[in-house]
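All chains, full assembly: derive it from the sequences and hints.
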Amino acid sequence: MAGAGARPNVPPSPAPDTPAVKVGVLHSLTGTMAISEVTVKNATMLAIDQLNASGGALGKQVEPVIEDGASDPAIFSQKAQKLIQQDKVATVFGGWTSASRKAMLPVFERFHSLLWYPVQFEGNECSSDIMYSGAQPNQQIVPALDWAFQKGYKKIFLLGSDYVFPRTANLILKKHIVQSRGTVAGEEYVPLGGTDFSSVISKIKLAGPDIIFNTLNGDSNVSFFKQASAAGMPPSKLPVMSFSIAEQEAKAMGASLVAGSYAAWNYFQTLDTPANKKFVAAYRAKFGKDAALDDPMAHGYIDVMAWAAAVRKAGSFEPDAVRKAAAQLDWEDSCMGKIKFAGNQSLYQTAYVGQLEPNGDFKILWQSKEPLMPDPYDQLAFPGKSCLIK
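Per the working numbering, the sequence shown starts with residue -4, numbered consecutively.
If you are wondering where the hints come from, they were derived from the structure by calculation, not from laboratory data.
For clarity, every value in this text was computed on a predicted model and none was experimentally measured.
Only true hints are included.
Here are the simulated EDC-like cross-link-like pairs (lysine to aspartate or glutamate), alpha carbons at most 16 angstroms apart as the crow flies:
1. 281 x 44
2. 200 x 183
3. 169 x 182
This is the structure in structure tokens:
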């Protein structure tokens, strides 16, 4: 449970006569996570450019201060503190891995700044100093499991990178698999950035699962899919449900390598809505006509626009006023569909399951009937815990 008390270290708002307000943009531009995070930075910059073209925030131009987290949680922590203390940013947009988020969290809580975090995560966390726009477990991994069971995939192998998101996600999945009378065929982890899957593939073959639930992150996915295909286990023969492979990763890996595999997200670039077509067209006009767009990019874009809307509503850049105003914003028809921040500073959003086609697009196979309420604490895994932010 989290609450907001006195805030003696709140970063100062820009002086009324200053022409710009600084914001931090903190992503891995190098290292194993760059395959995923560079384009989230790009989508964030698109939103900032559009915001400035329409007059900025409270009449001020928004000045991004871009930093590289270098796929290293310790560097994320250092850069977050630099942005807050040295650059005097009004807010920060960034992070991907839960390890990086957890490394930054004490910094934001110490200085009572506000982080907008755009990526799905494992829940089991609630802080008044973070806006969690990415999916909670009940908005991604649990709906994906329900879908898999409906399709007859009952024997599930859990494969992930060895850090907090995959391990906690798989803890939740195991609870739900047992409750639904499925079978955990196996559970294996490799270091983040790991490239040798020979032992893992042997164990998967021996276990004979119906499907792999994949929480690998970064470029480890390239090695896994290449080695699995070479071992006679392409997605067409052994289905894979991924939670950190979206259009951008598929393009970087080569869509043919992962074609036929499944993914669960809250956005696919194939969503057929006017708002999404506008978002896709704007991004491609800036970054190339063949650019792939994906869920974390959509969240990165939305975070900037939500911050600006909350700033307008609050009439202030002060983090406490902004986060409270964000929870009072109306429902919005965004590129992702209908969204709204809840009182726990997480996003109501629709869940989707898609199948990757050879051209790199996902064919949407299923979607929730309505936007799902975000719940940070899965009650099978964390009974009795709840999130209350004042």
